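S.K.: Listed below are the residues making up each chain.
Number of protein chains: 4
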Amino acid sequence: MLYFINDYQEGAHPAVLERLAQTNLIPLSGYGTDEICQSAKARIREACACHNADVFFLSGGTQANRVVISSLLKQYEGVLAAATGHVSVHESGAIEASGHKVIELPSSEGKLDIRAAREFVSAFFADENNEHMVFPGMVYISFPTELGTLYSRAELLELRSLCDDYKLLLYADGARLGYALASPECDVTLSELASLCDVFYIGGTKVGALIGEAVVFPKGNAPQHFLTLIKQNGALLAKGRLLGAQFDALFEDGLYFKLGKHAVQMADELKEVFKRKGARFYLESPTNQQFIIIRNEEIEKLREKVQFSFWEKYDEENSVVRFVTSWATSIESINALEKVL
Amino acid sequence: MLYFINDYQEGAHPAVLERLAQTNLIPLSGYGTDEICQSAKARIREACACHNADVFFLSGGTQANRVVISSLLKQYEGVLAAATGHVSVHESGAIEASGHKVIELPSSEGKLDIRAAREFVSAFFADENNEHMVFPGMVYISFPTELGTLYSRAELLELRSLCDDYKLLLYADGARLGYALASPECDVTLSELASLCDVFYIGGTKVGALIGEAVVFPKGNAPQHFLTLIKQNGALLAKGRLLGAQFDALFEDGLYFKLGKHAVQMADELKEVFKRKGARFYLESPTNQQFIIIRNEEIEKLREKVQFSFWEKYDEENSVVRFVTSWATSIESINALEKVL
Amino acid sequence: MLYFINDYQEGAHPAVLERLAQTNLIPLSGYGTDEICQSAKARIREACACHNADVFFLSGGTQANRVVISSLLKQYEGVLAAATGHVSVHESGAIEASGHKVIELPSSEGKLDIRAAREFVSAFFADENNEHMVFPGMVYISFPTELGTLYSRAELLELRSLCDDYKLLLYADGARLGYALASPECDVTLSELASLCDVFYIGGTKVGALIGEAVVFPKGNAPQHFLTLIKQNGALLAKGRLLGAQFDALFEDGLYFKLGKHAVQMADELKEVFKRKGARFYLESPTNQQFIIIRNEEIEKLREKVQFSFWEKYDEENSVVRFVTSWATSIESINALEKVL
Amino acid sequence: MLYFINDYQEGAHPAVLERLAQTNLIPLSGYGTDEICQSAKARIREACACHNADVFFLSGGTQANRVVISSLLKQYEGVLAAATGHVSVHESGAIEASGHKVIELPSSEGKLDIRAAREFVSAFFADENNEHMVFPGMVYISFPTELGTLYSRAELLELRSLCDDYKLLLYADGARLGYALASPECDVTLSELASLCDVFYIGGTKVGALIGEAVVFPKGNAPQHFLTLIKQNGALLAKGRLLGAQFDALFEDGLYFKLGKHAVQMADELKEVFKRKGARFYLESPTNQQFIIIRNEEIEKLREKVQFSFWEKYDEENSVVRFVTSWATSIESINALEKVL
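For the protein sequence lines, the chains are V, G, F and S, in the order given. Residue numbering for the first sequence follows our numbering, beginning at 1 and increasing consecutively. Residue numbering for the second sequence follows our numbering, beginning at 1001 and increasing consecutively. Residue numbering for the third sequence follows our numbering, beginning at 2001 and increasing consecutively. Residue numbering for the fourth sequence follows our numbering, beginning at 3001 and increasing consecutively.
Since the hints were made in silico from the structure, they are not lab data. In this text the structure is predicted, and so the values were computed from the model without any measurement. Do not rely on the hints blindly, as some may be mistaken.
[Unchecked claim] With a cut-off of at most 25 Å between alpha-carbon atoms, the simulated BS3-like pairs for lysine-lysine come out as follows:
1) 1074(G) x 2074(F)
2) 2277(F) x 2339(F)
3) 2275(F) x 2313(F)
4) 1271(G) x 1258(G)
5) 3258(S) x 3301(S)
6) 2301(F) x 2339(F)
7) 3258(S) x 3277(S)
8) 2074(F) x 1219(G)
9) 2167(F) x 1074(G)
10) 271(V) x 339(V)
11) 1074(G) x 2313(F)
12) 1167(G) x 1074(G)
13) 3258(S) x 74(V)
14) 3074(S) x 219(V)
15) 167(V) x 3339(S)
16) 3074(S) x 74(V)
17) 74(V) x 3219(S)
18) 1167(G) x 2074(F)
19) 3219(S) x 3271(S)
20) 3277(S) x 3301(S)
[To be verified] Here are a few chain V residues that sit away from chain G, every Cβ distance over 12 Å (derived from the structure):
21) 8
22) 106
23) 295
Every residue gets a Cβ at the ideal spot worked out from N, C-alpha and C, and that includes glycine.
Using the sequences plus the hints, can you model the full thing?
M.R.: Okay, structure coming up:
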């Protein structure tokens, strides 16, 4: 069986696991106050070129989104997101359960339609009846998006400008950030992203860690008592070291970026394979997720030998399926895929 | 430096870490649907002698308490707990943040005063005005308690009977369950506990795992769509294997019980040391947490060589301090402590 | 000045106020347990032909929506609504603040697109990944809609059938119910509506009362301890008589229906006036709210003599404005309007 | 039948009802933006001698408490209250449902034990572990208390000082404020109270209105977009005039204070009656609620002729019962009571 179903099917990159093993018996203080966490945070600040950044480690993407969004929004505010955004559709209503509306806006290929966002916000603040509505408080983007696409530097600047004009916060969900930054199509660096966002997270779970997302407040702008809010959300680990050690390994000698690069290269190989087979792509994705249009009757047959995921119906006869590479994808598996197709 | 500050200062028991390493590169399905999780759940059902039990893995104690309590209570219900219970004082208001009152009741040495609980519940249901109040919906106990003490089998039966009489749920927080079951003073087995509770969790984080608590609904009585509720709380790990593999190791060949036994034996040695030094105990704890009364001026001096925690003021001149053993405590460290005292 | 700005600009219908005055000094029990509330509930059951109905009085529409929706949905469920629905846009996020997502669906002239709703629900339950999403739990409709339009009996049956097929609840927001039932275009009676819905409310605030909405569970299907949930939401009035007396007057001798009829007749007169003036209608509304397309430059001038509300931009040169009639609108004011136009 | 069961058994004071009737058909803008509300607010500012105060009208006490407390507290904060406080016991968990813990502290005769409160707060901020706990954010008092007692000016100053020392907010629940201010034992004026609190409410429902509580932020310190928060809580009335007109009448020519005075005089008469009959008082209440110790067997017999409320068990043979006077109590009814006793 070949595996292209997602980017969390394996455990951790060996160097990450090794760091856990090496540090395993050192007695450390709890709740993320230990030296290993401090070291990991220092490395992340360095990588982001944000020397005053507040960094917190959380366990997963939905948790990070819920904790960050609910901690930063005021009670009368909601978060703007693409209708296809993770917070809009695949978090079981986590944001709403924390009391806030996800204001779903038009999107294209996974990206928030920035013009539509500006129109919405501008109309909102012009509406004399807006006290009866949910105030926009934050713009949420995924980088890369759920469809593997990227915002350009110019688009991020436009979003920043929108946020500045209306005093909104800009938040980037970086569940697969490593796979964005490694893409040749990506024209922003980590430090540029950090300078443009009010808060973002660097995804570990899908980029080589067993678990863990590093939430970064680039300007040292974490909300007051954020640790208490993490605890209240049930998101504070007693053994903070579990997260710290993994990020410490990932941000040593640029491992995180190397893992990203590997996955994107494997995605390029995958694309070539599909192109050689004459496959149609649903969209042009420059990162580790590839969306292929496939005839319905081929799906079951292919599944006998390859794991991939059904994305959505394309038309009566065809479906969109997703193939994903990761830090763990080997060239051998891609060659094997070519034989199977 | 000697370390008796808590039971989560080290990483995982080596066998647990090894299981993670061995299974690391096996591609597995996500969100706890994989075979390793299935294996771990089967072992836990076996250990609890509950063959229809629903088992879910969560990351930490506060998370488990929040998810379980908020999923099981109706909106008009609260949870009864000892005023000293973890949910009452040390969870940053996680239960209230989920919308429910923690109804704090009198306690003694960490244990809920069962007579007071019965009086409260009985008075509540006799009050014709009770529609304006929070309905009792669940009894929460910690086993062992935050003060290391244990409910006897007879007391658990009394609690069960209270719950049956008023249709309340009985929930046991087993953050340190391994250290309870291993105590010679404990007169219930894991399967007896399972038969008495509606839901409980088996703590991993403090008993040899890096992270993880196994929530058990002994009668297959998990609430509908509990997985979705876990996700909504931000508590669902993409790599469920991280939790499954650890519990699979802990419940193979009784490792969990061995770790518990070791910690309790070390606690006995620790008690002997303190007794030989003439120390006064704040209370008689039969598990891995020991509470000693110490003169205020000795605290700082002792801290130069030993890590332990301040618990509370005892009187003007004395304080209560806590010394904790765990699966990782060595007899050498206890011998060394004797020399330091 | 002429007033067509909304249907809540005056106080109560004189008969309603008189009932308050007549009963003012009778000592009554609190919280809606009094005889006047009982009488009003009996009249409402009679009018709905639902002799086992549970009836509760609340203060306003957003409150009714929040209390009803949050009490009936399970934690993992959301409510489906037209994107233009009151719960979607004009309740300051009240539903989300109670923890539930409003799943906004396409609509046309204020009405939920029933085909789109069925497609959404059907796709949801077919999605094997749906445990990561918000479950549809209820369909919310406004009757009449925020745009004055009505669902036909056939459409309501279709909605009922959708709800039956997927075990969803059907809830009708009747803030202006009196103005729907009185419309010649309306082909359902109150008792038919009651037989089709799981819950609905009969709006008082906009139909002759000072305050008050009567929530009806036609099959005696109110959630357990609903009174406690009302209290918890801060929605239980000590002097329940205030609501009971008003509904008692409104449902005596069909007053509620007479008020509805008057308003719809006045709306017909208003339409004729606008037609004679050659005005364009934004849509065909058979109830008390009329939406006219007007040139932007005329708005300010008209406002010197008439109060009405701006609805939305139509195109660069024109706007949609709303004129509303109510139980309190006089034929004289409509004649006066004709002179002004 | 004689009625002493509570202070909300009648409707409104005739002058209040008359104001509603007089203004009934004036077309007014909605949601509390009308001139009558403006007038009422101006009168309240005048009465409080707070010319910059923000004033908002809400419908009931639990609603006011929920909206005020949840709007002012930060997510990591709770509210301190007497264990007997209304927010602690008789609001169906409204505060917790909004996400915040009510931190219940010792009390005596309904009054928060100020020394215990200071000890609690001081210990909290000294605890190095406090990030795992709920932060105290506000002190809630009832004035008068649920047991009819009053804080002295000196005690209020002490509370203010505690709040200043630890940056807590001081909030007074004035559901029966008129009955406090009218008591000869009360040594603070309304304007003094206003100068000592960060926020308080002037109760209308129990002091002559049909419905309504006036929330006052004496220093113009209402939270941003408080109207939106009111709406989100389902607490914003379309016909704000209903509340405005009543408070406009209550604060014209000191009516509110006269009603308070009358009730306290009637309570004094009531006390004399009981004293003459040799009754024992549960405590010394200087306001409109009187608590009498009565033999259990007398309760049912007395209930044949008088309505009063059972408060709590006193001992095996006796109970505490409550007799309440109000603006509506007549001397005739008290004379009649004397004959019945």
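S.K.: Sort out which numbered hints this structure fails and list those numbers smallest first.
M.R.: Numbers 5, 7, 11, 13, 15, 19, 21 - these are the hints that the structure violates, sorted from lowest upward.
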